[in-house]
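Colleague: Going down the list, the protein sequences come from chains Y and A. Residue 49 in this note's numbering is what sits at position 49 of the first sequence, and the numbering runs on without skipping anything. Just remember that this note's numbering sits 1000 ahead of the position in the second sequence, which is counted from 1.
I should point out that these hints are in silico values taken from the structure, not numbers from a laboratory. Only a predicted model underlies this, so the values are computations on that prediction, with no experimental measurement involved. A virtual CB, placed ideally from N, CA and C, is assigned to each residue, including glycine. Careful: at least some of the hints might be erroneous.
[What the hints assert, rightly or not] With beta-carbon atoms standing in for the labels, derived distance ranges:
no. : chain 1 : residue 1 : chain 2 : residue 2 : range
1   : Y       : E97       : A       : A1778     : 24 to 34 Å
2   : Y       : E201      : A       : N1803     : 40 to 50 Å
3   : A       : S1730     : Y       : E127      : 26 to 36 Å
[Said to hold, decoys possible] Simulated pairs of lysine-lysine, DSS-like, Cα-Cα distance not exceeding 27 Å:
no. : chain 1 : residue 1 : chain 2 : residue 2
4   : A       : K1255     : A       : K1050
5   : Y       : K119      : A       : K1717
6   : Y       : K71       : A       : K1289
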Amino acid sequence: MIKITDLRKLYRTEEVETIALNNLSIHVKEGEFVAVMGPSGCGKSTLLNIIGLLDDMEGGSYLFNGVEVAKFNERKRSQLRKHNIGFVFQSFNLIDELTVYENVELPLIYTKVPARERKERVEEVLEKVQIMHRRNHFPQQLSGGQQQRAAVARAVVNRPKLILADEPTGNLDSKNGNEVMQLLTELNEAGTTIIMVTHSEHDSKYADRVIRMLDGQVIMETVG
Amino acid sequence: MTRSFLSQLFRQLWANRLFTGLNILGLSVSICVSWIVFRMVDYEYSFDRKIPDVENVYQVITQTRNEDDGKRGEWPGIPTPLVNALRDDIPGAELMVPMFYKGFSSVSIQADKEEIARIESGERITVVATLPDYFDMLDHRWLAGSKTSALNDPGSLVITDELAREYFPSFSPAEILGKTVAYDDTLIFTISGVVASLGYPNSFSRYNKAFIQIRETDLNSSDWFDVSTEDLLFVKVRNAKGAAAMLEQMNSMLKERSKEMFEKYSYTSWFELLPLSEKHFATGAGADKKVLKGLMFTAVILLFMACINYINLNTALLPGRAREIGIRKTLGSSVKGLLIRFMTETFVITALAAVLSFALSGFAVRLFSEFMPEGMEAYLDYPHMGLFMLVLVILISLVSGIYPAWLSAKVSTINVLKGASTRVLGSNRLALRKALIVFQFLIAQAFIIGALVIGLQLQFAVNKDQGFNREAVITFHIPYQILDDSVYKDKHFTLADELKKLPALRGVVLGGRPLDNSPAFGYSFQYENDADVVQSRVQPKFVDSGYLSFYDIELLAGRNLRQTDSINEMVLNEAALKVFGFKSPSDAIGKSLVSSPGGRSHPVVGVVKDFHQSGIHSKIQPMAIFSQKSMLKTLNIKLPAQTTQWETALKSVESEWNKLYAGVPFKFEFYDEFIGEFYWQERRMQKLVRAATLVTIFISCLGLFGLATLTAFQRTKEIGIRKVLGASVSGITGLLSGDFVKLVLIATVIASPIAWYVMNKWLENFAYRIEIEWWVFAATGLAATVIALATVGWQAVKAAMANPVESLRVE
């Protein structure tokens, strides 16, 4: 599904140029659950952003389902992203001014799903992550675990082929963390490809394969 | 206040330099307007106030009412017998100062033995005939001669130093005494005194520069009915009670002496006492309290809008500063200390704005010089000005600073340090900020509607079918100075005949212009119909027999006038038909109206369609058109259809003029331009309202721009999330701008009925007026929306284009 070869990414400031990703290659098959691990600053999140088409790359090739997307412009990337990729963030990134329901509904609005169908799908996914009873609450009124479940609901409501999760349990206690990991596993078992960045060895055990990074390069891969 | 306090303060202002700049700019524009308005108001209200005992000085004015139609008139003059009556019969005047204005066309000055300088500029040269009391009422300083003796002789002349410098540039006041001045080459006076000009704004200095003794012949008339606007009278009394008693006696005397005339002309008049302190604001004196009040109101509104900007931007900045405030509080800063800190910031910004406004005001005064009262620039009352500026700066600082300062003092330390509540602090205030923006745009749009309506009404006034054809018409009057001069007498008839021979001209007629600004004295006419006697006042117009066809004025019945040498037959307009009760135009033909005073009978020979006589302010009045030759003083000429031929045509008219009126300058008017100029007051108002509109839009946009910038900043994270979820740049731009457009449209909804009401009131000044149509409001809303979009659009696009990776990065 994802085939990245010789990926290079630089960060420039006025004085220094930092290599974030250095000729990195990675291959993820459809239906896999991959965990990416490594110390802070090794380039995990940058890699995830590039895979999610949020950030651009300096060099290398990126085939998404066999299509070269490295040179895609913002509009094409946005198209590809909203139909194929869901995101889960460490800090949840729910919009404070919108209710849980409205937050989850958002991706469907952007993909122009008709209103009636939106309602069905949002309710279905809220049911699945078990926060249907809090649908009209605002994010600030929920616990961290509930917020992250809402965020997961939002990530999957569009039925993406790929979910990118950036430390999804980083801000949660272990009980809530386990619930979220359980949710991701269920999604994976239902066929969704998942790439998850994590610091937690515990969480990485849920994955089929663990990729370990250091200084912008893959240093080890283990199959779980 | 320590140095570090100030340096931190300026660092703070610099760090937020965009908002500091917006605040200073908005405030300085408003302060500039207030400053100019203050100077105008201060100047206008300073008139005559320094005259000794001004509260006891009054001008006697005459009020008139026509009993036929109830029309009122106010005249600054008096009937001359009143002066002797006040001297001999009516007690109470401590000082009695008649000012009878005498006009001359030339003055000859003999400065040296041989040389005589003659001034004949074509302007009227005015001399005031008065009594020595004049110099007791007005405290002129005597530079030469003395108050007691200077006006004792009928041949004496007192002049001001201003005139002395003009007439005798190389002589001192003392040297001027005894020199002679001759008016119109025949009236010779000897200078007996020179007085210094009054050093303060007053109603007299403009025309009163030369003074002679009033003569018995000026005063010995017994006609209490005749009021000349050239004969003024001022009195000084002991107190208000004395004034009232004196006025009562004056009025009963007037009533008694004019009883017969009042009845004969069905007319009443009475005196009133105009306090000298109000003279400057009296009808026709130049200053209008209503205009001044309007200006003050506008200035206050603008100041308020700038304060709103300040409050708006600073409450919006507060969440960003909450951390600083929380830390300061933790480290021991008192609430008072914080308040002082914020108030000082406000004061510094206001003071900087005041400095900038000085530079702006110099520019603005030049741009609007036509609105600045004459002499204002020279009138510098520094204590007043300084005090005003100080009070203004303090007031603005308080109004705009107190709320943000109070909010900042309320910041909860614990929450801030936990990093939690900054957002809450921000969003709670959002409703207030939105309300303030709505208010600003409400004002701006009300002004836009006002400017539109004035423009439309003016366009209507100028383009409306006036009931006559004015295309390619020029007119000129024979100057009144030469009209009765034996050299030029009746030459205008010859001129008209000569001009008629010019093939290029499409028409030449004599007669008053259809729409004119000359004062319309009515003639009173009676008509006896079957039931009763109808009496009404009718506007006369004197024309020659070619006039109606020249101006395409339609004859509805009867025939055109025949050229006569006296008033006899007449043509009426439709309005006259109506007042006298004729059923149809043909009904009036052959009937006669009787002129009330003389009782002469005038047959009606024709009826014309109504046309406008005095602009669209007033209804079309009943009019009678006569052909009395002696009253024809204006030439009306129709130029060729092709404008390219006008120059040659005008040259040939001028050369005909020069043949008959050698030495008299040829001055003509394009009738079209005259009609445009007819509405100069509305044009002035239009210019002012347009300027106010621009300023209100500018200030509103500053506020909106600031708010948009902050909103974009505060919503960075939200925008990032939306983009990740697939929102497009245009979608986000729309989302951000849409919120502001909503505010603007709410403002449109509120502003429209208010502006509609106010402008309808204004339109009531016109007898003929436009209806304010719905599209005026729609266009205003649209314009405001476009302006708002242009203001916030860039910020919105910038926010929408931002890379979401940046905004979502975990801190």
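Colleague: Confirm or reject each hint.
Modeller: A quick look at each hint next to the structure:
1. Y/E97 with A/A1778: 24 to 34 Å: Between Y/E97 and A/A1778, where Cβ atoms are some 32 Å apart, the hint holds.
2. Y/E201 with A/N1803: 40 to 50 Å: violated (32 Å)
3. A/S1730 with Y/E127: 26 to 36 Å: Cβ of A/S1730 to Cβ of Y/E127: about 34 Å, so the range 26 to 36 Å holds.
4. A/K1255 with A/K1050: violated (35 Å)
5. Y/K119 with A/K1717: The hint holds at about 26 Å.
6. Y/K71 with A/K1289: violated (71 Å)
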